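Colleague: Listed below, chain by chain, are the residues.
2 protein chains.
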Amino acid sequence: MMNKPGMLVVYSGPSGVGKGTILGPFLNDHPNAVLSVSVTTRQPRPGEIDGVHYSFITKDEFQHLIDTDGLLEYAQYSGNYYGTPKAAVDKMRAQGKDVFLEIEVQGAMKIKKSCPEAVLVFILPPTYESLKERLLCRGTETKEIMEARLNTAKFELAQAKEYDYIIINDDVGRARKQLCAVVEAAKCETRYMLEYIEKLVNLTEK
Amino acid sequence: MMNKPGMLVVYSGPSGVGKGTILGPFLNDHPNAVLSVSVTTRQPRPGEIDGVHYSFITKDEFQHLIDTDGLLEYAQYSGNYYGTPKAAVDKMRAQGKDVFLEIEVQGAMKIKKSCPEAVLVFILPPTYESLKERLLCRGTETKEIMEARLNTAKFELAQAKEYDYIIINDDVGRARKQLCAVVEAAKCETRYMLEYIEKLVNLTEK
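The listed protein sequences derive, respectively, from chains Y and G. For the first sequence, the positions run 0 to 205 when numbering that gives the first Met the number 0 is used. For the second sequence, the positions run 0 to 205 when numbering that gives the first Met the number 0 is used.
Isolated chain Y, as found in the complex (with noise of 0.2 Å):
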């Protein structure tokens, strides 16, 4: 039981739903789970550093990542590439972490075709309402990019019912007491046990 890799946990939701007000007090408090660095072809801003928010490399880089089959998952947006490393994700898990890609829908999709042993983790708003206040009430941005956004949470939450768990934003800290039962349970899932039942089973027939 020692010597088991890592959980990979995908983590989901839709911009503004607070995956980050969530995720980040669970990670201080268990230092067993990491935060995947994705890699990405754009620029950093202000305050990013290098290594923690991303790992920032060119797209002759990223390329030379997706021939080889470097990535676990990749996507596109607005003219940049973000992806998720295989080599760093893969090294944590086998010191036994358990590795979160806090991720977008779509990349959770590819995960879970390639990586089947993942868990996949979706936060869902308490109502439409508050999400879409969260969303538009940032105030900065146009009609339009308000808009796009308001399009992108509905297509997110379609693909919810593709994911493990869901859990709820209504109560940050019951979020977050939900969110390390499904770390600890997720371990107890009979998918992950398979090999160990088949030990015990032939054991007896001996």
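None of these hints come from the bench; they were simulated from the model. Among the hints, a few may not be true.
[Unchecked claim] With a Cα cut of at most 25 Å, we get these calculated DSS-like pairs of lysine-lysine:
{"hint": "1", "chain 1": "Y", "residue 1": "K198", "chain 2": "G", "residue 2": "K131"}
{"hint": "2", "chain 1": "Y", "residue 1": "K111", "chain 2": "G", "residue 2": "K160"}
{"hint": "3", "chain 1": "G", "residue 1": "K18", "chain 2": "Y", "residue 2": "K186"}
{"hint": "4", "chain 1": "Y", "residue 1": "K96", "chain 2": "G", "residue 2": "K112"}
{"hint": "5", "chain 1": "G", "residue 1": "K198", "chain 2": "Y", "residue 2": "K131"}
{"hint": "6", "chain 1": "Y", "residue 1": "K160", "chain 2": "G", "residue 2": "K160"}
{"hint": "7", "chain 1": "Y", "residue 1": "K186", "chain 2": "G", "residue 2": "K160"}
{"hint": "8", "chain 1": "Y", "residue 1": "K153", "chain 2": "G", "residue 2": "K198"}
{"hint": "9", "chain 1": "Y", "residue 1": "K186", "chain 2": "G", "residue 2": "K186"}
{"hint": "10", "chain 1": "Y", "residue 1": "K198", "chain 2": "G", "residue 2": "K160"}
{"hint": "11", "chain 1": "G", "residue 1": "K112", "chain 2": "Y", "residue 2": "K160"}
{"hint": "12", "chain 1": "G", "residue 1": "K131", "chain 2": "Y", "residue 2": "K160"}
{"hint": "13", "chain 1": "Y", "residue 1": "K3", "chain 2": "G", "residue 2": "K160"}
{"hint": "14", "chain 1": "G", "residue 1": "K198", "chain 2": "Y", "residue 2": "K3"}
{"hint": "15", "chain 1": "G", "residue 1": "K186", "chain 2": "Y", "residue 2": "K160"}
{"hint": "16", "chain 1": "G", "residue 1": "K176", "chain 2": "Y", "residue 2": "K176"}
{"hint": "17", "chain 1": "G", "residue 1": "K3", "chain 2": "Y", "residue 2": "K160"}
{"hint": "18", "chain 1": "Y", "residue 1": "K111", "chain 2": "G", "residue 2": "K186"}
{"hint": "19", "chain 1": "G", "residue 1": "K198", "chain 2": "Y", "residue 2": "K186"}
No experiment lies behind these values; they were computed from the predicted model shown.
With the hints as your guide, set chain G onto chain Y.
Modeller: Showing chain G alone in chain Y's frame:
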């Protein structure tokens, strides 16, 4: 969310694995979780209290429950009938209580079919040797009874893969924590959230 019925938790594991040692303190700590009291046609043993350990009923009463679809599952062991009374379970769940059924594997498989919303939890021994020791070292039984017990355990272990969650009882404190996590996390399983997701998505369509 407040008016959701409680969960139906099927709780099984081979004899001697320590099911009661994990569940007893869990129930004490969680007033919202209750253990269903089975009905049986067998005679009470010294110290057994009617309505606490079992509800002791006649064969006619048991047959009436069968005839009126009043049992979630039932089985016969050594000439006596044992069953889970549907009305009592439904009533407690309607009050929001999480109802635990500590039942054998055959009964569990019936519940899995008739109540697809049930969460099935199986307790496994850390090793086959530890189970064998606990099964055989009670010391008072004949060789035949011991062999029958091992055969039952073998059959039950092989069914573990039909359950949703597996808890290994290698450390009773850890096992209790895992049971807490499983009951909490199971409520976040997507299968219980489909209605909620549907509602949110429909609202975005407006």
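Colleague: Does each hint fit the structure? Answer for all of them.
Modeller: Verification of the supplied hints:
1. Y:K198 - G:K131: holds (15 Å)
2. Y:K111 - G:K160: holds (21 Å)
3. G:K18 - Y:K186: At roughly 19 Å apart (the allowed maximum being 25 Å), Y:K186 and G:K18 satisfy the hint.
4. Y:K96 - G:K112: Answer violated: Y:K96 to G:K112 is near 37 Å, above 25 Å.
5. G:K198 - Y:K131: holds (15 Å)
6. Y:K160 - G:K160: Status holds; Cα separation ~24 Å.
7. Y:K186 - G:K160: Answer holds: Y:K186 to G:K160 is near 14 Å, not above 25 Å.
8. Y:K153 - G:K198: holds (12 Å)
9. Y:K186 - G:K186: holds (16 Å)
10. Y:K198 - G:K160: holds (12 Å)
11. G:K112 - Y:K160: The given pair, whose Cα atoms are some 22 Å apart, holds under the 25 Å limit.
12. G:K131 - Y:K160: violated (42 Å)
13. Y:K3 - G:K160: Status holds; Cα separation ~19 Å.
14. G:K198 - Y:K3: Distance ~39 Å between G:K198 and Y:K3 Cα, so the pair is violated.
15. G:K186 - Y:K160: It holds: about 14 Å lies between the C-alpha atoms, which stays within 25 Å.
16. G:K176 - Y:K176: holds (13 Å)
17. G:K3 - Y:K160: The given pair, whose Cα atoms are some 19 Å apart, holds under the 25 Å limit.
18. Y:K111 - G:K186: holds (21 Å)
19. G:K198 - Y:K186: violated (30 Å)
This entry does not satisfy hints 4, 12, 14 and 19, going by the numbered hints stated previously.
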